[in-house]
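If you want the building blocks of each chain, they are given just below.
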Amino acid sequence: MRQIALTVNGERHEADVEPRELLVYFLRERLGLTGTHVGCDTSSCGACTVLLDGESVNSCTLLAVQADGGDVTTIEGLAEHGQLHPVQQAFHEQHALQCGYCTPGFVMATVSLLREQPDPTEAEIRKALEGNLCRCTGYVNIVKAVQQSAAAV
Amino acid sequence: MIPAPFDYERAGSVDEAIELLGSREEAKLLAGGHSLLPLMKLRFSRPSLLVDIGRVDELSGVSDAGDRLAIGAGTRHHDLNNDPLVQEHCPIVSWTAGLIGDPQVRHRGTIGGSIAHGDPASDLPAVLVALDAELVIRGPDGERTMPAVDFCSGVFDVALGLQDVLTEVRVPKLGPDVGWSYLKLARRAQDWAMVAVAALVTRSNGTIGDARIALTNMGPVPMRAPAAEQRLAGAPRDAGSDTEYALSEAAAVADQGTDPPGDVTASPEFRRELARVVTKRALEEALSR
Amino acid sequence: MTVTEEATQALVGTSAPRKEDARLLTGQGSFVDDITIPGMVWMAVVRSPYAHARIRGVDLTKAHAAEGVVAAFSGAELADDWTAPLPMAWPVTEDINNPSHYALAADKARYAGDGVAVVVAESRGLAQDAAELVEVDYEPLQAVTDVEAALADGAPIVHDEFGTNRCYTWPLAGGEDVDALFAEAEVTVEERYRQQRLIPNPMEPRGVIASTVPATGEVTLYTSSQIPHIARVTLALGTGVPESKLRVIAPDVGGGFGSKLQVYPEEALAIVLARRTGLPVKWIEERTENALATHHGRDMIQEIALAATAEGKITAVRVRLTVSMGAYLMIITPGTPLLGAWVYGGAYDIKGYSFECSGVFTNQTPTDAYRGAGRPEATYAIERAVDALARKLDKDPVELRRLNLISEFPHDLASGLTVDSGDYHATLDRALEMLDYDGFRREQAERRERGDTKQLGVGFSTYLEMCGLAPSRILGALRYVAGGWEAATIRFLPTGTVQVLTGTTPHGQSHDTTFAQVVADRLGVGYDEIEVLHGDTSVVPLGMDTYGSRSLAIGIAALCSATDKIVAKAQRIAAHGLEVAEADLEYEAGTFRVRGTDRTMTVKEAAFAAWHAHDLPDGLEPALEETAVYDPSVFSWPGGTHIAVVEVDTETGVANLVRYVAVDDVGTVINPQVVDGQVHGGITQGVAQALYEEAVYDENGTLVTGSLVDYLVPSAAELPSYELDRTVTQSPNHPLGAKGVGETGTIAATPAVVNAVLDALAPYGVTDIDMPASPERVWRAIQEARS
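Chains as they are written, first to last, in numbering that gives the first Met the number 0: chain A, 0 to 152; chain B, 0 to 288; chain C, 0 to 786.
Next comes chain A alone, as it looks inside the complex (with noise of 0.2 Å):
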């Protein structure tokens, strides 16, 4: 068992993990941060996608001690007092979601991707988003929540 100690959500933890524990399952498992969803066992699908000092990352393919000292940010620390994040509202006002079983990840890439590049085109929204992938919405809702988020943020 290692120790570690990381900020979720604005939040410190501290925590003994086995070397094993992979960082999505300490999320959802330890603290109870379900939002955080596994989709794929071999970093295909972004269904886990977190902020790992402000970057997007696949929570599934990093170690819960690879975290310890980080600051990770999972969708449940993106609205702000009740109010939706931007990127959140655009989702829900795009229709950007159906089963929401990916939208966790597709927003917090969305987060990411923004942060990069402000004012994406299109072709560069749909390249940012290869690594998240969905089957129910076809993407195309998706790609206009992220141009109506780029207006916002």
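Quick caveat, the hints were computed from the structure, so don't treat them as lab data. Check each hint, because a few of them may be wrong.
To be verified - Under the rule of at most 30 Å between Cα atoms (straight-line distance), these lysine-lysine pairs were calculated in the BS3-like manner: (1) K143(A) to K27(B); (2) K394(C) to K350(C); (3) K453(C) to K391(C); (4) K350(C) to K391(C); (5) K312(C) to K350(C); (6) K244(C) to K312(C); (7) K143(A) to K126(A); (8) K394(C) to K312(C); (9) K143(A) to K453(C); (10) K453(C) to K568(C); (11) K126(A) to K453(C); (12) K27(B) to K61(C).
Knowing the structure of chain A, use the given hints to seat chains B and C on it.
Just chains B and C now, with coordinates in the frame of chain A:
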């Protein structure tokens, strides 16, 4: 899946990492983890100890070393893609780093981890071979350098001893006379290349001075295309159909000496065709830069 | 995110904001893996790596001794726990070869992934560790993963008891004499296509939690399922848990697309293991496990022939299918291809029709429903064949379609069913207009003349879809075990909010939203005052769940019937309360008004009166809650025109979808954004079949494309945005005129894209290509046509 159980240590320095690697059989380095952890999650790889070098300062950063750039092996693909020194002096590397995987992968994966994995489908190794880059390796007996082309001897088979750490990648500054291109053909944007071509073409008066072509996923290791390079050397540049002819001649033999794999995305025969087609395009693009 | 309390405008027809989003966007959803029960233990299934192997022995010694292991069993050890096999609810013929299928194999593993043992341990990781320690003595056998090879002499037999891999043969014929029509035809085309095997891959892998109350025998099963009601009936039968003690809950479900229209071994296993251990048992599928353990889609050889006049008028269609069942028959495995049996004539007016389908066992994961379930296969065959006819006659594929499209409704299909409404020509005209067809052909011609490396192709798909599964009488006639009705309950609570119970089970289709829209309009209740409940058999006891685009067609029809019943009862209360005759009342959107006055009573007020019951008319029962069960008499018939434009790099073979136009007629639209979203998602899966996806097996029957690295679910980077429009011909057989839309995109898209690829390659003489039209397939098609 969850990986099989293992122990974990974080190294504060390269020397500490070397020591830790020697402390156990089946110890492995963990940098970005995006080659290793997926294998461990599928339980194809079961190291007994992971030595985390993800925060070793001496492994990160890009510095100007005169006629070369020194890239710390721990530099992440995203940072390499956006590094101003690399963009200016060796843009083929910054460009290629931006093609690897997807943004989430690029935020974590490192150049060192990618090269040390020895996957013939990885992008950076072929680029480094085309650049004649130099790799710096430190082990229990000290430090050594090695040309990138000698580093990989087979699929997942690289010149790293059990306690070796790849610390630095040195790439030449291209200078204004070198045109470059890295063209990657993949099924989806996030996928490994079916085939990819790195091309560096030196302008010399009105001719192509020196050409370097290296191929991704055309063999167990990054493959140079010497037959193609020879056909290009001295060929006329900006000479319309004559240049076109030279490029076609070179591209036509780009797959000579290669040993392409067959998989669900492409057969060996199709890879050969792609290598020829993409080499031509890469050369055209390199010449236009 | 709220809508004003009192509905002032009709919500049906508007893109009312989704009720589902508040929790899903903030990570407050409740998918199966989000649920924890104290004392919960983890199940892991040991699966055969061999496609076909005798099981000589299962040694659990090391597994039992492993850290944290609570229990471990082989298939043989659990044999007595089953009171019936896993369900196969559609024995399509009387003589169908129907093997018993139990949760774990005991004698033979029949596909790579077939479960042979199970372990239960204290954590996910420990269960996985223990599963690796189970030692199974396999005697590998020859495996077969190709339907034609499976029918050949000497093929390995999947189920020894039958002596053959043939499962069934099912015919359908109608209209005029097909043989005569072919004999007299001026032109015929004969085509053969392969529908590749697909892995549905919803983003949420499957999962279950079974928990019991040992003292009473009650069992609660949480399952990521499209069919909690059907699961309850069948699992009660199979595990011996009395149905009245079995509660099945589908919480938030992360997509299904037919792959969660199933009763799976792991559901049965979790129940039995929870019963044996007295502990709640959880199982969550890995993605690579999903590729093996969750049913697959499509996988058939299609032979289709068209008879036509010299002008191109199609007179007859003859179809023969050879379909891979996989290793076992699961809930509707044999029937899935038959769901397309009536529509291989497409949206065309033809005179004679003949269809025959044979199911064949192979050593692969069982097939079953995948978005469209039988109809994408049908539409692919007829739309490809129509283009083949166009090539033969040197006719524009658009004009050929125009000549043949059904133009009068209702239309009796030669296959025997009646299409109640539609206007396919209107969708074709609109789609061509959106595309600028002439402009496209000009650009295509220019590129061809220049000899550009990248060539353009356009592909058409004019489709009709048969959905709203299904009239119970027809299901009975087809030998399906269950019915196709749907139920709705509307319950007014005394404080003014309303519960809507639907027997449908959404998994992304926005039922919480659309059902509330309908009730809000019809009963004058505020959108935010309505809670739509589903998916829990204790909350919504009556239902037939969601698949086959039935929720709009049948679920909402039931809902409308329930609102009618509410209005009828409320009217009696209102008349009594307002002291007038019922005939003196006018009703509109929730309010009863005494004609010619401003005296009113709302449905909500009537509900409160019904609750306190101080003064109800004699003989009227208190409470305002009504249930309706609706059994459709006909199928539902959406239709439309889709057009795909692809750009093919003729040197590398890479084909990219660059434009996609869809004009669909799905009848009345309740929520435009929701309908568009369904079309977008459906199109994408159809495009993916055409260009990207395929389950590939090696010579040993091992699945090669077993992860999302190799099985190519496309991302946004691979696709363009789509251009959508609609025509509306209301269904005369639906209270709102709605038709169902969930599968239309997938049904239409695949042939549109493949036809486009072939159009791009036409100058090379390419007339056929297998799916997916990968770069290598495209390249080879060009090479072969040139030589």
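_Violations among the numbered hints_ = 1, 6, 10
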